[in-house]
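As you go down the protein sequences, you meet chains A and B in turn.
The first sequence begins at 22 in our numbering and counts up by one.
The second sequence begins at 6 in our numbering and counts up by one.
What the hints contain is simulated information worked out from the structure, not anything from laboratory work.
Built from N, CA and C at the ideal position, the CB exists for glycine as well.
Warning: the hint list may mix true and false statements.
To be verified - Computed beta-carbon distance windows for the label pairs: (1) B/H82 with A/T41: 42 to 48 Å; (2) A/N74 with B/N59: 37 to 43 Å; (3) A/N39 with B/R21: 45 to 51 Å.
As the list claims (entries may be wrong) - Calculated cross-link-like contacts (lysine-lysine; reagent style DSBU-like; alpha-carbon spacing at most 30 Å): (4) A/K78 with A/K104; (5) B/K8 with A/K104; (6) A/K91 with A/K78; (7) B/K8 with A/K78; (8) A/K78 with A/K35; (9) B/K74 with B/K57.
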Amino acid sequence: DGGITQSPKYLFRKEGQNVTLSCEQNLNHDAMYWYRQDPGQGLRLIYYSQIVNDFQKGDIAEGYSVSREKKESFPLTVTSAQKNPTAFYLCASSISGAPREQFFGPGTRLTVL
Amino acid sequence: DAKTTQPPSMDCAEGRAANLPCNHSTISGNEYVYWYRQIHSQGPQYIIHGLKNNETNEMASLIITEDRKSSTLILPHATLRDTAVYYCIVRANNAGNMLTFGGGTRLMVKP
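So here's chain A without its partners, still in its complex pose (with noise of 0.2 Å):
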């Protein structure tokens, strides 16, 4: 089955320490995102990627970084500069150029106790 997967679904972690969320695509698309969403609100996004070794930041980016060694790959790490860390993450892909409908993964959802 074609899709994204994140992993884990639920992620807890001592302040002050940093956490890597995963996520991974095989619908072969060039571009993924990352966003954040926080109760009751909308999506925000923290980084994206049009390409391998390429990104850019969103609206949020900061305490937050990311990696595009690989076209199915886009970790997400959340340093300890996050002052607000406990959300709900989620990743998507899409194919590259315009218009493009995103699909997203099931979420990973943090709490940073």
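Chain B: place on chain A using the hints.
For chain B alone, coordinates are given in the frame of chain A:
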């Protein structure tokens, strides 16, 4: 990208049509209207998109006014599983693939 305005919540009876409005009065000529929905604690799901013509697929219909300043997403026979937050997004075709999600409309389908 143009800003969109949606009602925060709506109710619909099961089996009836759900009509979800979206205002995008500042939309420009190269901007598309996209609809996504998000069922609780899941990733958003693409529903439909259009430029100026009405569109229909297996999930829904999208009606865009002639002046393109507003649109309506229609779920023809709403079921309980359609209970979700519905997002209307306007995006230019030269804006890469970034989507800006606002608050959306929380649709509650009731038996």
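Verification of the hints:
1. B/H82 with A/T41: 42 to 48 Å: 43 Å, holds
2. A/N74 with B/N59: 37 to 43 Å: Taking Cβ atoms as reference, A/N74 and B/N59 lie about 41 Å apart, which means the hint holds.
3. A/N39 with B/R21: 45 to 51 Å: Since the Cβ atoms of A/N39 and B/R21 sit about 49 Å apart, the hinted range of 45 to 51 Å holds.
4. A/K78 with A/K104: 17 Å, holds
5. B/K8 with A/K104: 28 Å, holds
6. A/K91 with A/K78: Satisfied, since the Cα-Cα distance of roughly 18 Å is no more than 30 Å.
7. B/K8 with A/K78: 21 Å, holds
8. A/K78 with A/K35: 26 Å, holds
9. B/K74 with B/K57: 10 Å, holds
Checked against the numbered hints above, the structure violates none of them.
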